[in-house]
Each structure stands twice: as C-alpha cells, then as structure tokens.
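Model the full structure from these sequences, guided by the hints.
Under the working numbering, the first residue of the sequence shown is numbered 849, with each subsequent residue one higher.
Keep in mind the hints are simulated off the structure, nothing from the lab.
Quick caveat, the model's predicted, so the values are computed rather than measured.
Just to be clear, a hint being listed does not mean it is correct.
Here are the in silico distance ranges between beta carbons for each label pair [claimed, not checked]:
1. Met867 with Gln1050: 34 to 40 Å
2. Met867 with His997: 46 to 52 Å
3. Leu875 with Asp1053: 20 to 26 Å
4. Glu1081 with Arg1021: 22 to 28 Å
Calculated pairs, EDC-like style, for lysine to aspartate or glutamate (alpha carbon to alpha carbon, straight line, at most 16 Å) [to be verified]:
5. Lys1174 with Asp1218
6. Lys1254 with Glu1147
7. Lys1304 with Glu1292
8. Lys1254 with Asp1403
9. Lys1174 with Glu1147
10. Lys992 with Glu928
From the three backbone atoms N, C-alpha and C, an ideal C-beta is built for every residue, glycine too.
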Amino acid sequence: MIVDNASESADTRAWFAAMSELGSDKLRIYALTEPGSEASAQNLAARHANGDYLLMLSPHAVLHQADWLQGLLNHAQRPEVGIVGPRILTPQGNILYAGMVMGMDGLAGRPFINYPTGSSSYMQRLQLTQNWSAVSGNCLMVRKEVFDHAGGMQAATFTQGLQDLDLCMRVGRDGYLIVGTPDSSLVLAEPAAAERSETSRQALDKEQQSFFEKWLPKMARDPAYNPNLHLSEVQAFDLDPGLQMGWEPFCTRHLPSILGMLVNSSAVGHYRVSQPLLELMAAGRVVGRMSYESTTPVEIERQRPDVIVFQGRYSEPKIKDIVLAKNYSSAMRIFELDDYIIDVPERNEHRRSMPDNIAEMLRKGIGLCDRAVVSTQPLAQVLSSMHSDIRVVPNMLATHLWSSLKSQRRTSGKPRIGWGGGTSHRGDLELIVDVVRELADEVEWVFFGMCPDLLKPYIHEYHTAVSLQTYPAKLASLNLDLALAPLEFHIFNDCKSNLRLLEYGACGYPVICSDTEAYRGHLPATRVYTNSSEEWLQAIRMHLSDPNASYRMGDELRETVLRDFMLRGENLQYWANGWLPD
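Pasting the structure below:
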C-alpha cells in the first residue's frame, strides 16, 4: 500500500494513477485530498489494510536482506510482543537505529549510532534480540489489533514526526513488549533533511512539550537503560558524570533532595553552591547533585529534586533552564546571586560580557523562581523590587581548605605587603598605583592572581593564578606582613561580600581595606575612608611603625574568621534556611 500525501507534481500524480489502473491486489494506492501529516497517512493506510500485521516502512528504505520480513514476523507473532523493529543501517553499513533510549539527547536517542554492524558493543547488546521502550518508525511492524486497540497514530497531536515514539509508548503501556532484533536489517538512504520553517520549529517545540507532559515519568525510568548511565548518544552506556554526587542506595527518600545548577566549578560556584551543598550532605541534612550544564526534563525527573538552585541564570539561554524546571518539575526553585551585575564598574573586565538588557533578564530570572538567595544585605536591598522572598546567606570558608593554614612573618629584610584575588579587580588595584610607587624601595610588593601593568615596574613578586583547591595554601605561602583590600566606591562593590577579608584572615594577615559597605562590620581591620593615596600611605605606615600591634590585629582577625565564618556546625543552618522550604 502506498499513500500519496497530496502530491503537487503532475508526473507523480500521473504515475500513481497509472499504478492504480493496473488493478493488482498486491499494490494499492490511496491519496490524501489535502496535505497532511505522516501520522494521518499511516492511519489512512491502516484503515484499508486487510492483513493481521502492519508494516510502517520509509520510502527511503533499501531492502537488501532476503529474509528481512521473516525476521520481523518471527517476533511479531509472539502474543506478548506489540511492536518489532529491525536494525537500520547507513549506506556505509554502520548502525543508524537499533532500538531507542527514551530521554537520550532530547526525546529519544540511538545508543549504537555509527557502530559497525559487527561490533560487540556494550554487553553484546547490538547482537541480541531485546526489549526497548521504542524503535524507529522508519521500519516498524505492529499487529493490527494492537494498533487499533491503542487508537492508531495520534495524528491530531503529533504532526511533526513524533507519532512513532508515542505509539511505542502507548503500546508498551498496554502491556506489550517493544522488540528490537538484529535478525532483520535494512538500509536507510535518507536525503538530508530540509531546514524547518519557523512555523514548523514552533510546532515541533509545542509537540515535544506535549510528549514530555505525557510521558516524562516513564521516559526517566526507561527499563531498557540504567538511570545511572549517560543520556547522550556519544556517551551511551557510560556512567553519567554530569550530575555529580547523590548516590541514593535506598528506594525511598528520607532527606530533602537538592539539585545545584552551577555556573562554574571555580570560586563563585564553590562558595555559593557546591561547598555548602557538600557540607549539608556530609552533615546528613540533605542529599544532592550538581550540574555544570543545562539539564533536560528527563535528567531532572530522574532525580526528582525537592529544590533546584539556579546560580547566575540571567541570560536568555540560561533562563530557559528555569522555565524548563517550572514546566516539568514541582521542585522549589531558588535563584542564587553573588554580585550586583546590573551596574558593574567600568574597569571590571566582566562588564563587557554583560548583555545590554541585563536588568530585564535578571528580573525575569528571579521572577521565575520561588525565592532568591544572595550573599549580602545591601544586595538584597537593591534587588528587593524583584522578589518578595530574598534571603541573605553570607559567604563562609570550607574548613578543610582554610582552617589550618600557616603563614610566616618577618621572612625578609623588608616588610612584605601584598594582594591576592581574581582578574576583575583592575580598577580596584589602580587606586593604589601611587602608593605602590611611593613605597617601592621600602617594602616588597607581592601580587597574586592579577597585577595591572601600571604596577608591574614596582613589584617584587608576581604569582600567577592557581586552582581553587590549591589557592588557600598558595595565599598563605606568600608570607605577607600586611594584606591590602582596596575597592572602588561603587554600588557594585557595596553589594559584594567580605570574602577577601575572610581569606586574608584565615592566613593570619593584618588587613587594610577600603571602607565600603562590603567590608564594614565586626571584622578587625584598618579601614581607609577616602581611598586617597595619602590615607592609604598613612594607614600602611601606621602598621609598619608598630609591627607587633599589626600582627596582633592579624591574629584577632584569624580568630574571628575561624569562630564565625567557617562552613560547619551551626553555620550550616544559614544555608538550610536559604535553600529548604519553610
């Protein structure tokens, strides 16, 4: 049977007419009066079919195996089997389809794609007849009674090519097996797909959403594929490293589950998501996983988190992560932010990477969440119009990295004064250019992680950035007699945390800092109120004139940091209050 989907070509219509006039009972041709979907054409053919079995076959299929049909019938005749599919090869002889895994690379993926046909594959599965949740609609045999009982193809819902997957899922739901067999093979010589129109793309997106809404729980627990394996064709049957941690050996869950979606594995990701989550897990208060990539609905459903923490989702692609979670998960959504990204200082290198509509995007991202968590009270205040539930959770230091650092004092003939940090502080460091120049012959200037060109002629040492895990020990090894923390007077810096002071304090360094909102509070440090070179010089000379008093200030700062700002014990309650439902 051939179904003509309202062909426009006169030659094609003439050929179909000529074939119909042959009157052969082995070739019947039906036509749709108006262009319709593939599902509509398949339903039309099924209504007129006389046999006990229906074979959906692509017009691009090349049949090269003499007993290919018998190989399908051998399994289709088993009463427990509803659908059976063959191995489908490329013209070069590699695997194109050999069973499909639900949720892989979107809706469904091909775990053996591009494998040689003789490959042993994972546990010999490519060479074995086995049960899947779906097989390809390019060649699919189904018993007619099973097809009719399932309601045929859902032509009204799926017009963009998803009807075969939906049929497999419905037949499987009815209790039948979906079988893939290597006993039958054919070649698919499919031309390159034409680019979809915008209307077609929108229709496909809508139908994919309908498919997820209908089948998501079953997709996430595909019985043909272990839930700990990667949902990517190129990494099929590999253990999934994308969602890290979170092994749950029990069938029931007794602790809240948190999915942390980080922007990176460096400082901001470490301080604001990964380390707090690890500490809460170690304390037995939650179970959790972390992802550095955008997740799919199936990946979220696999974990079924109670809470999803979205860090720094303020661009259009990243906001889609929140929309996806809102559409397909009942998890509480937390928006995590550490900086006032709406107004970044001119000389901060991150400014040029911010989109022009950053305020609009940030408001949209925060508005899609149930709660926002920020690092400081000033940041909460400037964002207060964006959400009614903004909670402040201060930055803290990981005990295993910061609690036992040792630095030395008076290791050189001159006092060692320095700074350590990231690459976004050019404007802050240029505040002290005249100070560095003035004291170049009196002290050893030490810079770690960044040094503006204006300062380089006057410094004694420069140390390049290191990994996050080695950063604390490296900072302590600088053996500074005095540490500086200059910040421009700017709303961005007012909203920052006191993290720089905490890190210096863990090393036992006495600190001079700008008197910005970020550095105010009970941490013992000398504060510069005007950021003038004269006041910076005065503060530095005061410390140098009485080194013992300066060192005592460093000791007091270390004691305060270790007592009040370590990520352990009662301090974990800040994060529990920020992340968990009330």
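Hints, one by one, checked against the model:
1. Met867 with Gln1050: 34 to 40 Å: At 37 Å between Cβs, range holds.
2. Met867 with His997: 46 to 52 Å: 32 Å, violated
3. Leu875 with Asp1053: 20 to 26 Å: 38 Å, violated
4. Glu1081 with Arg1021: 22 to 28 Å: 25 Å, holds
5. Lys1174 with Asp1218: 10 Å, holds
6. Lys1254 with Glu1147: With Cα atoms ~43 Å apart, Lys1254 and Glu1147 exceed 16 Å; violated.
7. Lys1304 with Glu1292: 12 Å, holds
8. Lys1254 with Asp1403: 12 Å, holds
9. Lys1174 with Glu1147: 14 Å, holds
10. Lys992 with Glu928: 14 Å, holds
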